[in-house]
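Colleague: All chains should be modelled from the sequences, with the hints used to inform the complete structure.
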Amino acid sequence: MKNRIKVYRALRNLTQEALAEQLGVTRQTILAIEKGKYDPSLDLAFRISSLFRVPIDKMFFYESDSEDQPIFED
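Take 4 as the starting number for the sequence shown in this note's numbering and just add one per residue.
Keep in mind that the hints were calculated from the coordinates and are not lab data.
Nothing here was measured: the structure is a model prediction, and the numbers come from that model.
For each residue, glycine too, the CB sits at the ideal point set by N, CA and C.
Hints are not guaranteed to be accurate.
Taking CB as the label site, the calculated pair distances span [what the hints assert, rightly or not]:
#1 E66 <-> E24: 24 to 32 Å
#2 T18 <-> L47: 28 to 36 Å
#3 L14 <-> D60: 12 to 20 Å
Modeller: Printed below as a string of structure tokens:
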């Protein structure tokens, strides 16, 4: 899963440490999420989106390896 946390964090001039403190997690957690090495829990994803006042689907998105593959087939 990809995310735009780093972009929104930069727009607000927040450090990873400051964001982590506001969310009640460690800086390492924010770093890992930003780098795509860790997917946040659903609760944390919603808290991040809420903090930045951005819809969750704008903050987090999925990029597959295959192009335009439908999720469901008829």
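Colleague: None of the hints should be skipped; say for each whether it holds.
Modeller: Cross-check of the supplied hints:
no. : hint                    : result
1   : E66 <-> E24: 24 to 32 Å : holds, 30 Å
2   : T18 <-> L47: 28 to 36 Å : violated, 18 Å
3   : L14 <-> D60: 12 to 20 Å : holds, 18 Å
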